[in-house]
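2 protein chains.
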Amino acid sequence: MKLLEERIKSEGRVLGTDVLKVDRFLNHQIDPMLMQAIGDEFAALFANQEITKILTVESSGIAPAVMTGLALQVPVVFARKNKSLTLPNDVYTAEVYSFTKQTTNQIMIDRQFISPDDKVLIIDDFLANGQAVLGLLEIADAAKIDVVGVGIVIEKTFQKGHQLLAERGVHLESLAKIKAFEDGEVVFG
Amino acid sequence: MKLLEERIKSEGRVLGTDVLKVDRFLNHQIDPMLMQAIGDEFAALFANQEITKILTVESSGIAPAVMTGLALQVPVVFARKNKSLTLPNDVYTAEVYSFTKQTTNQIMIDRQFISPDDKVLIIDDFLANGQAVLGLLEIADAAKIDVVGVGIVIEKTFQKGHQLLAERGVHLESLAKIKAFEDGEVVFG
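Chains A and B, in that order, give the protein sequences. FYI, my numbering numbers position 136 of the first sequence as 136, with every residue one higher than the one before it. FYI, my numbering numbers position 74 of the second sequence as 74, with every residue one higher than the one before it.
Source of the hints: derived by calculation from the structure; they are not laboratory data. Keep in mind that the hints are not guaranteed to be accurate.
Copies of the same chain look alike in the list, so a pair counts if it works inside one copy or between any two.
Result set (BS3-like, lysine-lysine): computed pairs, CA atoms no more than 25 Å apart in a straight line [said to hold, decoys possible]:
1) K81 / K101
2) K101 / K119
3) K160 / K101
4) K21 / K81
5) K2 / K119
6) K101 / K177
7) K81 / K2
8) K21 / K9
When you get a sec, could you build the whole thing from the sequences and use the hints?
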């Protein structure tokens, strides 16, 4: 997606060898017009698949997921990151390890919001090591729902998330694919 | 806003004497079409005020804030709830007490995303005791920015947030105003 690649080039900041900060339009400040274009693009990529629901994880997945939901005219459910030890009843949970923060979070979705009849599209802001998406897939398995595909705003193809999803046979669409960072610059591919 | 009141009546659930759960369309599952109508309504209520930016707090404020930003064609900045003791440099912070959870969170916004030239609109999902909005106002004061107004999706007028904002002379617009819960039912007013 050319518009997105241009924004990454002009406003993204490369930190070290594997971190891209896009807090100027996606992770802290959000550009709603870009999010709408992203939602429209995902809707086109996953058209005619009878999607009934979008799944994502708070917080940075919410904006692109809601715009995709608007384009497809379906509800969005965002998994909550659970910080407390006391879990409400009737939730699906999965463990998600963050390589950046070196912590494990539990994510959870209330059982009332997904049912075996659902055909879901998973949307997230980043795919790096794939842990958040794998957590959502684990919940989808537990809920016995059909996952039509996974839509990612920015994928770092040199990390292991892509391979892990390919092994599961998931239909993956990423709007910007980064194959390397060279001299502080993003290399798409 | 009639559409919103109808959804609260049909899908909201009253818990005890002062809690309304709207996780079927706002706080966990999100209805993007309703969010768009909400964004359009806020844009109309705060039209012609030269708003340059929307401020909100993660996570449940993001969807209505992004739709308002889309309608007004301006960026959205969401304050992050900080869980770690180590703060990045160059952030504005405020303490926010949650009466529901009986915990204090720090919220923070990177200084690069608000400047004295900004005229901001604060958007949030709920106004009860007003602590989240007061935290954002504290950050706005520290950043010396002009707050044009506060837009709330659901206000519980019987709690003290309304009064606290009135004392500050803030232009407050709430799309649904709840004056009481009676026998497990919502009373608007």
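How do K160 and K101 come out at 25 Å by Cα distance, when the copy is not named: within, between, both, or neither? within (17 Å within a copy, 37 Å between copies)
Pop the pair K2 and K119 into one bin, within, between, both or neither, using alpha-carbon distances up to 25 Å. neither (29 Å within a copy, 31 Å between copies)
With identical chains, the pair K81 and K101 could be close in the same copy or across copies; at 25 Å between alpha carbons, which is it: within, between, both, or neither? Both ways: K81 and K101 sit 14 Å apart in one copy and 15 Å across, limit 25 Å.
Under a CA distance limit of 25 Å, which applies to K21 and K9: within one copy, between copies, both, or neither? within (11 Å within a copy, 42 Å between copies)
At most 25 Å between C-alpha atoms: does K101 with K119 qualify within a copy, between copies, both, or neither? Answer is neither: 32 Å inside a copy and 34 Å across each miss the 25 Å cutoff.
How do K81 and K2 come out at 25 Å by Cα distance, when the copy is not named: within, between, both, or neither? neither (32 Å within a copy, 32 Å between copies)
For K101 vs K177, is the C-alpha pair at or below 25 Å within one copy, between two copies, both, or neither? Within one copy only: 23 Å inside a chain, 40 Å across chains, cut-off 25 Å.
Treating 25 Å as the Cα threshold, decide for K21 and K81: within, between, both or neither. both (21 Å within a copy, 18 Å between copies)
Comparing the model with each earlier hint shows violations of hints 2, 5, 7; every other hint is respected.
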